[in-house]
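Listed in order, the protein sequences are those of chains A and B. Going by this note's numbering, the first residue of the first sequence is number 1, and it counts up by one from there. Going by this note's numbering, the first residue of the second sequence is number 1, and it counts up by one from there.
I should point out that these hints are in silico values taken from the structure, not numbers from a laboratory. One or more hints might be untrue.
[Stated by the list, open to error] Interface residues of chain A toward chain B, partial, derived using beta-carbon atoms under 7 Å:
(1) K10
(2) L22
(3) A114
(4) V118
(5) E120
(6) R206
(7) G216
(8) S218
(9) F221
[Stated by the list, open to error] Only pairs whose alpha carbons sit at most 35 Å apart, straight line, appear in this in silico DSBU-like list of lysine-lysine:
(10) K96(A) x K132(A)
(11) K96(A) x K81(A)
(12) K199(B) x K106(B)
(13) K10(A) x K20(B)
(14) K20(B) x K40(B)
(15) K154(A) x K175(B)
(16) K176(A) x K163(A)
(17) K167(A) x K198(B)
(18) K154(A) x K107(B)
(19) K199(B) x K175(B)
(20) K96(A) x K176(A)
(21) K107(B) x K117(B)
(22) K175(B) x K57(A)
(23) K13(B) x K199(B)
(24) K175(B) x K151(B)
(25) K94(A) x K104(A)
(26) K174(A) x K163(A)
(27) K199(B) x K10(A)
(28) K10(A) x K13(B)
(29) K132(A) x K174(A)
(30) K56(A) x K10(A)
Ideal Cβ positions, reconstructed from N, Cα and C, are used throughout, including at glycine.
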Amino acid sequence: MKHTFFRAFKFAFQDFWRNIWLSLVTVTVLVLALLSVNVLISLNAISNSIINSVEKKVDISVFFKENVTEAQVDNFQEKIKSMSEVEESVYISKEKALADFREKHRGDKSIMEALRQVEENPLLDALVIRAKSTDDYSRILSTLSMGKNQELIKYQNYTDHKKIIEKVSVLRDKVKTFSISLTAIFSLIAVLIVFNSIRVMIYTHREEIAVMRLVGASNSFIRAPYILESVIYVIFAFIIAMIFLYVIIGATGPYLNDFLQTYDFSLLNYYAENFFVIFGAQFLAVVVLNIVSSGIAIGRYLKI
Amino acid sequence: MTKFYQPDTYALKGVNLRIKPGEFVSIIGQSGSGKTTLIKLLTAESFASSGTISVGGWDISNITYNEVPLLRRQIGVIFQDYKLLPQKTVFENISFALEACGAPMKKIRRIIPQILKVVNLRHKADNYPRQLSGGEQQRVGIARALIHRPKILVADEPTGNLDLTNTKEIIDLLKKINELGTTVLLVTHDKDVVNMLKKRVIVLEQGQVVSDQKVGRYVI
Chain A
1 MKHTFFRAFK FAFQDFWRNI WLSLVTVTVL VLALLSVNVL ISLNAISNSI
51 INSVEKKVDI SVFFKENVTE AQVDNFQEKI KSMSEVEESV YISKEKALAD
101 FREKHRGDKS IMEALRQVEE NPLLDALVIR AKSTDDYSRI LSTLSMGKNQ
151 ELIKYQNYTD HKKIIEKVSV LRDKVKTFSI SLTAIFSLIA VLIVFNSIRV
201 MIYTHREEIA VMRLVGASNS FIRAPYILES VIYVIFAFII AMIFLYVIIG
251 ATGPYLNDFL QTYDFSLLNY YAENFFVIFG AQFLAVVVLN IVSSGIAIGR
301 YLKI
Chain B
1 MTKFYQPDTY ALKGVNLRIK PGEFVSIIGQ SGSGKTTLIK LLTAESFASS
51 GTISVGGWDI SNITYNEVPL LRRQIGVIFQ DYKLLPQKTV FENISFALEA
101 CGAPMKKIRR IIPQILKVVN LRHKADNYPR QLSGGEQQRV GIARALIHRP
151 KILVADEPTG NLDLTNTKEI IDLLKKINEL GTTVLLVTHD KDVVNMLKKR
201 VIVLEQGQVV SDQKVGRYVI
C-alpha cells in the first residue's frame, strides 16, 4: 500500500514535470479562476464594510419632556438597553447638548448672539439610540410609543430619518443579494473552467491510459497519479494566486485606503484576519473540484 | 465462439480453436476478417456474444472488471504502433508493468537489465521512445510484454511499421521466445514472414476459420 502510494506520487510529479507546458496552462487557468473569485470576495468585503459604516451612522434621538427627572430617564434607558435590538444608547443631558452646540457653532456669530439673548437652555435631555440593524428601528419605536413611555417623550426624530433608514436597509439588502449572486455566478464559471481544463488534461493522456490498461495496470493504479497530479496543480495555483493577490492588494492599498479611510477598513487586514477561513475554504473546494473532475474525466477512459 | 454487432454483423462466427501451450501460430486474413476482434476477445477488451474463451484453463468469458488487469498480466501483447508511454524512458516503460502489480523496486532493478539484455537494448535504458528507431521501440514493446513471463505472447502486426532488417530481428526474437516455452500468436499480413516461419497457420475469412494447417503457408 505504501509502495503504491509512493509510486502514485512519483508518477504524478514525473508527469507534471515531463508535460510542463500542459501543466503550466492548467495551473494558469486555476490561478485565473482563483483570482476572479478573490476579486469578488474583496469587492464584497469592501461593499459590506461601507454599508456597515453607513448603518452605524444611522441612529434615532428621543427627546424627553422638560419635567422628566433624571431617575425617570435612567429607568427609561435601562428598558431600552435591555432590548435585544439595541446596540447602544447614549444619554445626552441638555447641558451637554448646549455645550456641544456652542462648540460646534462657535465661529457663527449670529447663532452665538441668539444664544446670548435666549436666557434659558432651549435644548432638551435626549437619548441617542443605535440599533443593531436598520430593520430594528421600527420595533424599537413601537416599544417607545407603548404606555408610560409615551408620557416621557416630547418627540423623536425617527419619522424625519425614516426614509433614509429604509433606503439604507434596501441598499444593504440589494448589495448583499447582488454580491452573493455575482459570486455564485463567477464561482460556477470558475468550476466549469476548472472542470474543463482537467478534462482536457486527461484527454491528452487518453492513449497513455489505454496503454496502461493493456499492460495490466488496475484502474486505481492508473487513476491515482492523475488525481494526485490535479492536487499538485491546485497547490501550485494556490501559491501563485496568493502571491498575485497580495501584490495586487499591496499595490492598490494606498488608493483603496484613501477611498475607505472614513470607513475604517483595510483589505489587507481583512485577508490577514480571515486568512484560514477564506483560503482554507477555497483550497478545500478547489481540491475537491479537481479530484472529482479528474475522477469523472478519467472514468471515461477506464470503461471496458 | 461468436462475436456479433448489431444489427447484422458477425465479426467472428462459430470460431472453434485450440492452441496448445508452446505453439507458434500465425493468424492471417484480409482486413475485416476478424483477426483484431480475436485478439480483443483474448485480452478482454471485448466480450464474445456467445461461446467460451479459456486461457490457460481460466474461462474468461464472464471475466469481471477487477480480474481484467490480472488476465492482461498473463498475456503479453505487442502492437504494430508499439504503444509505448511517450513520457517515460525505456526503463520506465518496462518497469511500469511491474510497478502496476506492486513489485518492489529492488526486484524491478534486478529484472529489467536482464530483460533489456535479451532484447539488446541495455545501452538505451534512459532513452525516451522518441529517441529510438522503430525496431528498437518494438523491442521495448516485446520486453514489456515479457516482463511478467506470460503464458501467451500475442503479436498484432508487430512488423507492420518496420523495414526488412528490423522485421527479421523481431521475428527471430519471437521465435527465440517461443523456443523458451511461451505460446506465440502472430497476427500478420506479411506473406514472407509466414512462409519463412513454417509454423501453424490459421486463416480467417469473414469471421470464420477457413483453414488451419500445422505447417502452413500464406494463402489468401
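Please work out if K10(A) and K13(B) have their alpha carbons no farther apart than 35 Å. 46 Å, violated
Hint validity - F221(A) Cβ closer than 7 Å to any chain B Cβ: 5 Å, holds
Against chain B, is G216(A) within 7 Å by beta-carbon distance? Since chain B brings a Cβ to about 4 Å from G216(A), closer than 7 Å, the hint holds.
Is K96(A) within 35 Å of K176(A), Cα to Cα? 39 Å, violated
Decide if the proposed pair is consistent with the structure: K199(B) and K175(B), CA atoms, cutoff 35 Å inclusive. Holds, at roughly 10 Å.
For the pair we were handed, K175(B) and K151(B), check the Cα-Cα distance against 35 Å. 15 Å, holds
Holds or violated: the hint that E120(A) contacts chain B, with Cβ atoms closer than 7 Å. Violated: closest Cβ of chain B sits about 93 Å from E120(A), beyond 7 Å.
With 7 Å as the cut and Cβ atoms as the points, is R206(A) at the interface with chain B? 12 Å, violated
Against the 35 Å threshold, does the CA-CA distance of K199(B) and K10(A) hold or violate the hint? 44 Å, violated
For a C-alpha distance cap of 35 Å, please report whether K56(A) and K10(A) respect it. Violated: K56(A) and K10(A) sit about 56 Å apart, past 35 Å.
35 Å limit on alpha-carbon distance, applied to hinted pair K154(A) and K175(B): Answer violated: K154(A) to K175(B) is near 113 Å, above 35 Å.
Are K167(A) and K198(B) close enough, with their CA atoms no more than 35 Å apart? 96 Å, violated
Going through the hint list in order, the structure does not satisfy hints 1, 2, 3, 4, 5, 6, 12, 13, 15, 17, 18, 20, 22, 27, 28, 30.
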